[in-house]
Amino acid sequence: MSGRAKAFLRKSRLQAVIFTSVLLLLTCIIVPPGLANEGGRVDVVTTLSTYAAIARRVGGDLVEVHYLCQGDEDPHFVRPKPSFSVLVSKADLFVTTGLDLELWAPTVIDSSRNPRIREGQKGYVAVYDGIHLLERPVTADRSQGGVHIYGNPHIYTSPLNGKIIATNIAIGLGKVDPAHKKAYRKGLDAFNNEVDRRLFGPELVRLVGAETLGKLAESGNLIRFLREQSYEGSPLIDRLGGWMKEALPLRGKKIVTYHKNWVYFTDLFGLNVIAEVEPKPSIPPSPRDVERLIQQMKAEGVRVILAANYYDENKVRNIAQRVGARAVIVPVSVYGAPGVNTYFDLLDCWIHGLKEAFAEAP
Amino acid sequence: MNPLQLMALPFLECLVLVGIHSYLGIHVIKREVIFVDLALAQIAALGTTVAYLFGIHPHSTGSYAFSLAFTFVAAAVFSLTRLRRGRIPQEAVIGLTYALAAATAILVIDRAPHGAEHIKEILTGSILWVRGETVATAAAVYAFVGLFHYVFRKRFLLVSEDVESAYRRGIPVRLWDFLFYMSFGLVITHSVETAGVLLVFVFLVVPAVLAILLTDRLLYQLIIGWTLGTLVSFAGLALSYILDLPSGPAIVTFYGLVLLTASLALYVYRSPRRAKALAHVTAGLLAAGSLLALLMVSGRWIARRPALAFPDWKRSALVHPPARVDEPRSLAAKLKAMDFVTKKEQLGRMSAETIEKEILPEAGNDAEILLAAGLRLLKVDPGKGRPVLEGLLRRTDLSPLLRAQARGALENP
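Protein chains in written order, with the working numbering: chain L, 1 to 362; chain P, 1001 to 1413.
It is possible that part of the hints are untrue.
[Said to hold, decoys possible] Derived lysine-lysine pairs resembling DSBU-like cross-links, with alpha carbons at most 35 Å apart:
| no. | chain 1 | residue 1 | chain 2 | residue 2 |
| --- | --- | --- | --- | --- |
| 1 | P | Lys1336 | L | Lys186 |
| 2 | L | Lys182 | P | Lys1154 |
| 3 | L | Lys245 | P | Lys1344 |
| 4 | P | Lys1344 | L | Lys253 |
| 5 | P | Lys1379 | P | Lys1357 |
| 6 | P | Lys1344 | L | Lys122 |
| 7 | L | Lys122 | P | Lys1336 |
Just so you know, these hints were derived from the structure itself, not from any lab. Treat the numbers as computed from the prediction; the structure is a model and nothing was measured.
Using the sequences and the hints, build the whole thing.
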């Protein structure tokens, strides 16, 4: 065989290797789902899937809703993809928390070159507006971990905040699509009424009124009030239903959460979060932190750890195993797990998960 | 829980890793395929990732089978691409495999959520969280590979050390290459899952480099590698515990420091003119020290200037925090924001005069305030309380509970 023929063979073998590698690469790429835009509908893009679920309830058939951060993805760390810009570029309404949770959102807005949804425009909705923020820092610097400079931004974990979020979305929809303002108002009322019924039970809402109940629940006085007051001879607490009733056994129970995802939720339902697995927000624990946590959990008899399903499950289960606690690993947002398709499913999922864990825990 | 309990499993895992990796590292350095472990690790990770795409979870048996299968394919590729008189170095193929596997993993994981976390996990590992069963399986797998290599040690060593004479003696080099890479992949798949790419890399390379620097005999090389690995793992883990640092990266950097110190010491020791060599080393250390000082000074200087230390959009967020919810001013407005229980408590302490002058005119249609004010007035001045409650009862939007309370108070004050 001539030298050239040998060189050719050698070359063709290398080519074969490269060719197979490329084939492998190609088979792994799945064509992104079609981004069809139905004519006539208001195009809504939300950062979080939970906001999308709420917007779908409020807007019904009048809106076409997409979201950027998946339900089981950490909203702090989303890497913007080209499809984000495509989606946002044709959006009529952009819905975001408006705080420093989705730090990637400004980049997406900029790269979409869509002037209608810039901050301050009609098509921009910051859903935190009107929500009383918890954990406002006194000083903001990164030495305290991923501190949010305005306060805890995981606002939607309280259904009461869910109502405010829905209201803000409805106002935004009414601004970009004034012709259907009434329909959005109707959708909003239906959503908010369902939240009230699911939170307090229909009977209590009828008797006391949603506004009175909401304010009592937010300030933490609800349960005391219901125990002290009676109506037609029986204490009001007997008429409590919904999540509040389901979560009654959870009141005052001590838990540990992985990240401060659930401050608004635990505040509303009276759970006592004694510590986080993360020593400082968004900073992974070191050996000593874990040891300290385990000691604290043993000392205080903590039986349950609550964590979002985007954190390393092994870490959470490992700690739980060492203290004989239960790990409740749940989606932090709608569509984050099979069967969690509405905002109500999400709350159901958290409360049921916690109740089961406390029932099973030794 | 004391430190020993916490660090015992990670240390055991380190020992198990040191055992096989010090040995395989010697092969890797002799074959001049330093980055093969990175490439194989990445391929294994790609296997896990692809499995994840099918809904098979990481750390499960199915995902292990996937990553193993991927590694074996890569082992075949590596043994096929080593040519007796190739013009393209083996490192090029390895580097290419690494880059392709890494890029593909990112593309694949992009379809699955929490991908970024997963990829970071592969890089740094989580040796601190290792479980007893994992250490046990790792020990069993590595022992099997070790035994395999011990039985065929002559073939493996010949192919690694002197491939020319292996070719001349008619040994099927390609087969032995494949067996080597396959057993190597078996080890890597396991170790990367717990220790991460970085730690596995230093476990592989550092003891072997130092051992080869010190002696030519395989047995001594192995003893040096094992001793060093054990000592450094222990010191690294202790350091990680005392200074509260992430364990994997602590061991990696400590390994680097040890290698640097040892090679500097060797350089001085073996040099024919030690005084001159010592002067070189001192000068080098001084230069490094002053560079570090310069770095610290300039870093602090820049950090104090917001124009340099923050991107524009973040600076504006610091300057303009979002508008806060308005704090109510007047007494009535403050009351409106409170819950029913607090309203009752607050109004229960007020005089009839305050209620009449400051509360009622501004209460609007807040039924809770009107009821609480009516109840209070009824107590201190029934003549003023009655009309308030009666007015309230005329409203149609009053909730049954408030209606019952107002009526009850009117009927038996």
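### Query
Which numbered hints are broken by the structure, listed smallest first?
Hint check: 2, 6 fail, others pass.
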